[in-house]
Amino acid sequence: MELFPVETLEKLQELEQLLINNKINRKALMIQLARIGETDIKSITFNILRRIMSDSVGSAVRIYFPEATEQNISEPIKSWLRHASERSIKKNLNKTKKSLMQKENQSNIEQHANRRLQKENMDKNHGEQNLLCKKTIKKQMMMMIKL
Numbered sequence: 334m335e336l337f338p339v340e341t342l343e344k345l346q347e348l349e350q351l352l353i354n355n356k357i358n359r360k361a362l363m364i365q366l367a368r369i370g371e372t373d374i375k376s377i378t379f380n381i382l383r384r385i386m387s388d389s390v391g392s393a394v395r396i397y398f399p400e401a402t403e404q405n406i407s408e409p410i411k412s413w414l415r416h417a418s419e420r421s422i423k424k425n426l427n428k429t430k431k432s433l434m435q436k437e438n439q440s441n442i443e444q445h446a447n448r449r450l451q452k453e454n455m456d457k458n459h460g461e462q463n464l465l466c467k468k469t470i471k472k473q474m475m476m477m478i479k480l
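Read left to right, the sequence shown gives residues 334 to 480 (the working numbering).
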């Protein structure tokens with residue numbers, strides 16, 4: 334299946350899901366796009382966008398906002414590109430936090446289970462000791478009665 338250039342908004346959404354749900358696909362795309370190798374930011378940005386999506390998909394903004402100017406469109410793109418690294422870092426931090434919280438929760442569950450088992454064992458030992466004491470007292474009482 335030929336992924337690029339993306340010709341429809343539906344295909345763009347499919348591609349987005351493919352990249353969101355699969356780390357290997359994301360990495361492969363990054364490697365492929367990194368090979369473009371232009372000498373300036375403007376050229377590499379245009380070439381990456383040109384390879385990723387067709388002009389018809391690129392013009393989708395104008396379908397929804399026909400009065401949009403070039404500047405209206407370019408400013409959000411600039412902002413998105415400017416903050417891409419930060420979003421990636423934040424996403425990784427959130428994944429790390431989530432993983433740590435899951436590990437901490439698992440550890441807390443295990444600690445609680447261990448404490449509960451210890452308490453049950455202590456209760457069992459106390460019960461056995463109480464029974465032994467009662468038997469001992471009963472024996473002593475029987476001996477006293479025999480005297």
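For the record, the hints were derived by calculation from the structure and aren't laboratory data. Quick caveat: nothing in here was measured; it's all calculated off a predicted structure. Among the hints, erroneous ones may be present.
[What the hints assert, rightly or not] Quick list of the computed label-pair ranges, beta carbon to beta carbon:
no., residue 1, residue 2, range
1, Ile364, Lys411, 56 to 64 Å
2, Ser376, Glu400, 24 to 32 Å
3, Asn380, Asn447, 52 to 60 Å
4, Glu443, Lys411, 13 to 21 Å
5, Met434, Met455, 26 to 34 Å
For glycine and all other residues, C-beta sits at the position ideal for the given N, C-alpha and C.
Results of checking the hints against the structure:
In this structure the hint that isoleucine 364 and lysine 411 lie 56 to 64 Å apart at CB is violated, the actual value being about 24 Å. Against the hinted window of 24 to 32 Å, the Cβ-Cβ separation of serine 376 and glutamate 400 comes to about 29 Å, which satisfies the hint. Take asparagine 380 and asparagine 447: their Cβ atoms lie about 59 Å apart, and the range 52 to 60 Å holds. Hint check: glutamate 443 to lysine 411, Cβ distance near 49 Å, so the stated range 13 to 21 Å is violated.
Hint check: methionine 434 to methionine 455, Cβ distance near 31 Å, so the stated range 26 to 34 Å holds.
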